[in-house]
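*Asks:* With chain D held as given, fit chain B onto it using these hints.
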Amino acid sequence: MSRQLTQRLIFTLIILAAVSTVTPIVLIVGYIAWKGLPAISWEFLSGLPREGMRAGGIWPAIVGTIYLTLGTGLIAVPLGVAAAIYLAEYAKDNWLTRAIRIAIINLAGIPSVVYGLFGLGLFVLFLRFGTSILAGCLTLSIMTLPVIISTAEEALRAVPQSFRVVSISLGGTKWQTIWRIVLPQALPGILTGVILGLERAAGETAPILFTAAAFFLPRLPDSPFDATMALPYHLFVISTQVPSMPIQIQYGTALVLLVFVLSMMLIATIIRSRARARRQW
Amino acid sequence: MSVNASQNKSGRNWPELVVEALIRATGYSAILFVGLIFVFLLREGLPAFAEVQPAVLFSARWYPIEGRFGLWPLVGGSLIVTLGAALLAAPFGLASAIFIAEIAPRWAREILKPLVEVLGGLPSVVLGFLGMVTLAPVVRLALNIPTGLTAFTGSVLLAGMAIPTLVSVAEDALDAVPKSYRDAALALGATKWQTIWRVTLPAARSGVLTAVMLGVGRAIGETMTVMMVTGNAARIPATLGSLFLPVRTMTATIAAEMGEVANGSAHYHVLFTIGIVLFLISFLVNLTASAVVFRQRKRAERLLS
Numbered sequence: 001m002s003r004q005l006t007q008r009l010i011f012t013l014i015i016l017a018a019v020s021t022v023t024p025i026v027l028i029v030g031y032i033a034w035k036g037l038p039a040i041s042w043e044f045l046s047g048l049p050r051e052g053m054r055a056g057g058i059w060p061a062i063v064g065t066i067y068l069t070l071g072t073g074l075i076a077v078p079l080g081v082a083a084a085i086y087l088a089e090y091a092k093d094n095w096l097t098r099a100i101r102i103a104i105i106n107l108a109g110i111p112s113v114v115y116g117l118f119g120l121g122l123f124v125l126f127l128r129f130g131t132s133i134l135a136g137c138l139t140l141s142i143m144t145l146p147v148i149i150s151t152a153e154e155a156l157r158a159v160p161q162s163f164r165v166v167s168i169s170l171g172g173t174k175w176q177t178i179w180r181i182v183l184p185q186a187l188p189g190i191l192t193g194v195i196l197g198l199e200r201a202a203g204e205t206a207p208i209l210f211t212a213a214a215f216f217l218p219r220l221p222d223s224p225f226d227a228t229m230a231l232p233y234h235l236f237v238i239s240t241q242v243p244s245m246p247i248q249i250q251y252g253t254a255l256v257l258l259v260f261v262l263s264m265m266l267i268a269t270i271i272r273s274r275a276r277a278r279r280q281w
Numbered sequence: 001m002s003v004n005a006s007q008n009k010s011g012r013n014w015p016e017l018v019v020e021a022l023i024r025a026t027g028y029s030a031i032l033f034v035g036l037i038f039v040f041l042l043r044e045g046l047p048a049f050a051e052v053q054p055a056v057l058f059s060a061r062w063y064p065i066e067g068r069f070g071l072w073p074l075v076g077g078s079l080i081v082t083l084g085a086a087l088l089a090a091p092f093g094l095a096s097a098i099f100i101a102e103i104a105p106r107w108a109r110e111i112l113k114p115l116v117e118v119l120g121g122l123p124s125v126v127l128g129f130l131g132m133v134t135l136a137p138v139v140r141l142a143l144n145i146p147t148g149l150t151a152f153t154g155s156v157l158l159a160g161m162a163i164p165t166l167v168s169v170a171e172d173a174l175d176a177v178p179k180s181y182r183d184a185a186l187a188l189g190a191t192k193w194q195t196i197w198r199v200t201l202p203a204a205r206s207g208v209l210t211a212v213m214l215g216v217g218r219a220i221g222e223t224m225t226v227m228m229v230t231g232n233a234a235r236i237p238a239t240l241g242s243l244f245l246p247v248r249t250m251t252a253t254i255a256a257e258m259g260e261v262a263n264g265s266a267h268y269h270v271l272f273t274i275g276i277v278l279f280l281i282s283f284l285v286n287l288t289a290s291a292v293v294f295r296q297r298k299r300a301e302r303l304l305s
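Chains as they are written, first to last, in our numbering: chain D, 1 to 281; chain B, 1 to 305.
One chain only, chain B, in its complex shape:
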């Protein structure tokens, strides 16, 4: 077969068209996978609503052996640990991002950025292990409480896991603010801090908010660290004082109990239902975040044209 015969009208040959079709298919695969994940969570999780009374699911007690599948203690546990992590990660993460993007000299930036990346690369089980053997005893002694495995201990470590995401997204947002904004403020006599606080930060506002949101989203889905250091007691955290008591999160419950349930039991289905809740939370967080990103890109395009 001559070369010409193997080519179609557009001058491209068949093997090439096959390759391009494959590439196109893989391009769509991300959508397929999100769909598959959702379908399989539903498939294994929805039967729970037939097997367990809704009133039981919304009750205040999680004690699977007696068929008590109240989800509130787990939701509450996840919320309080995540809230604590957000309160710690936001100020420290944002300060680090501002320092790296706006204040630090070049050499300091070259040291700080890789270090923050290393934190992001630490396996969560290593952080959990270290938290168990070092941080928990310190918390117990410092606060004089019976156990150091508390929601607070989890929050501290989770803040550490949220910070790399938070810093890198916030730093990108600050970097994206045009230099002319800063020059204009400085030329008008503003100090460097006034420029950061009144000009750069407000200009990067949506990106900075996205950073906090993605960091917190990461924290709520964290599993191993939380399971190892929060004590795993399923009770509803009612007051702020519960921050210093053991709690049990949604993620830790799945990880700790899935290995012990019989496939197809009510307990098994309820664990998948918790998975659906987690999937929906992360879906909402990331959908909102991507909406912000798209809007920003649109606005940038309008400004440029």
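In isolation and in its complexed conformation, chain D is listed as follows:
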């Protein structure tokens, strides 16, 4: 067999494999949209669940997911961005920095259900926060931290060194340089990472299973110490725990969750590409 023929054969196989990897992604999103759209109505989005969740709406789950996502952002963003500033602007290349990097890589790899166990042990039981939005947000924050730190660090490092040199030479202190020059330049990149990190947190179920999620709560939570419904957990409950659940409500819930996370991804992508187009360096 000639070399050209071998190449054509193998490239065909590779393309087939790549296509059969990405086609299901389109099918998944399309199928859920197609099956879920009929369930979507104003009542479904804004109503309380009725008849043991077999009818009515999913408003408490939507609100719960928004609370959990925002709360996670409130904790994880300052912490993650500050840690990224440390790594990009202050840390020296020594064993301590290496240990921090290894810790971040490990945080990123810990299974989500283990975060759930940790949150149960530390926040729910030891610190006595109970099954609550607060405990859930803290658990999700630590899980989101590695994503935010590594993307923010990358964004900070991408700011050219000359920006810092000029600022320092004009008499700016190190912190003024970071706060007034480097951070604003890196902001779009940081924002992209933050949204992608929070997007993951919004879709997670396992970390909130034992820390924040309520099986059924026909009202809105009114304090951070309340348990809450959440879209991912609700989808899990209605598709496995409730007998004779109308399939339409299941698809509808899946669609709302999917739209929630995909629109976050879309916003992140738009910020990234607009920043790239406008970048002056």
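Rather than coming from a laboratory, the hints here were simulated on the basis of the structure. Since this is a predicted model, take the numbers as computed values, not measurements. Incorrect hints may have been included.
Said to hold, decoys possible - Simulated restraints, written as ranges between beta carbons of each label pair:
hint, chain 1, residue 1, chain 2, residue 2, range
1, D, Trp-42, B, Leu-284, 44 to 54 Å
2, B, Leu-284, D, Ile-15, 45 to 55 Å
3, B, Arg-205, D, Ala-158, 46 to 56 Å
4, B, Leu-143, D, Leu-27, 35 to 45 Å
5, B, Ser-180, D, Pro-38, 18 to 28 Å
6, B, Ala-21, D, Trp-34, 28 to 38 Å
7, D, Phe-225, B, Leu-22, 26 to 36 Å
8, B, Ala-21, D, Ala-99, 15 to 25 Å
9, B, Trp-107, D, Ala-99, 35 to 45 Å
10, B, Leu-143, D, Ala-158, 34 to 44 Å
11, D, Thr-6, B, Leu-143, 26 to 36 Å
Stated by the list, open to error - Away from chain D, derived, C-beta distances all over 12 Å, residues of chain B:
hint, residue
12, Arg-182
13, Thr-191
14, Gln-194
15, Val-199
We treat Cβ as the ideally placed atom computed from N, Cα and C, and that holds for glycine.
*Replies:* Below, chain B without anything else, positioned relative to chain D:
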């Protein structure tokens, strides 16, 4: 107070030093969190070894109601589902990475990369739900078996969850191979495929291996998808045929049973012990992966200097 009075010798004022101290502290926080996670898993998990005979933990039966806490069926379940996922994810993921990094024209790359990112962003519970209502019936009919909720069904979906990690890490590794390597091979008369197979892939070897490892590491820790589609029957998968039987993984056991146990019971402590096992597995996988990454960076520095 004049400006000068508030500044110390290095010309920096106090508020700034406070900010820098805070930033330094947050920098160390990642280490603190890994430590905290490990400490709390140990705190809740170690009592299990006092309450349950080691012989019971290493027995072949998981039936908590009767105090049977044999971990082997769960470890076996996790292994077989992960193995199946790795066998599927490695070829498809690597082919996709090679296609995106080496073969695809620009426009195809611009479509494929975001799509793979979308797959990475799909909540696992959505994949699990869809697997339950669509993939499981197909598996059941196609293989003519009593239930479609099998280890195999889990493997297919887990492969999907491993692929985004695998593709992006492998693609980065391929991208990092200097263009001059490829130019040299092509100039010597190699075809594009010969260049990829004999030059680019071997040069990116450690990165590609890391990609597979991180993808598999992601798969073994996956919880919701696996819990929803693998049937959750705790038995030891003895043969390859068990791939088409229901299994129960370590992650699914924790997620399914933690809500029902009494805090402080033996069952509760054993579930944390499973958490310790999972933590150690992910720690090993990621430590190895980061060692590879650091070695690569060192080598790159040597080559550049």
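*Asks:* So, for every hint listed, does it hold in this structure?
*Replies:* Here is what the structure says about each hint:
1. Trp-42/D <-> Leu-284/B: 44 to 54 Å: 51 Å Cβ-Cβ, so the 44 to 54 Å window holds.
2. Leu-284/B <-> Ile-15/D: 45 to 55 Å: violated (35 Å)
3. Arg-205/B <-> Ala-158/D: 46 to 56 Å: Given a distance of about 28 Å, which is not inside 46 to 56 Å, the answer is violated.
4. Leu-143/B <-> Leu-27/D: 35 to 45 Å: violated (21 Å)
5. Ser-180/B <-> Pro-38/D: 18 to 28 Å: Hint violated: Cβ distance 57 Å, outside 18 to 28 Å.
6. Ala-21/B <-> Trp-34/D: 28 to 38 Å: violated (55 Å)
7. Phe-225/D <-> Leu-22/B: 26 to 36 Å: holds (27 Å)
8. Ala-21/B <-> Ala-99/D: 15 to 25 Å: Between Ala-21/B and Ala-99/D, where Cβ atoms are some 19 Å apart, the hint holds.
9. Trp-107/B <-> Ala-99/D: 35 to 45 Å: At 43 Å between Cβs, range holds.
10. Leu-143/B <-> Ala-158/D: 34 to 44 Å: Violated: the Cβ-Cβ distance is about 50 Å, outside 34 to 44 Å.
11. Thr-6/D <-> Leu-143/B: 26 to 36 Å: Check passed, 34 Å falls within 26 to 36 Å.
12. Arg-182: holds (15 Å)
13. Thr-191: violated (5 Å)
14. Gln-194: The claim breaks: Gln-194/B does not keep its Cβ more than 12 Å from every Cβ of chain D (closest is about 7 Å).
15. Val-199: Val-199/B is indeed farther than 12 Å from all Cβ atoms of chain D, at 14 Å.
Of the numbered hints listed earlier, those contradicted by the structure are 2, 3, 4, 5, 6, 10, 13, 14.
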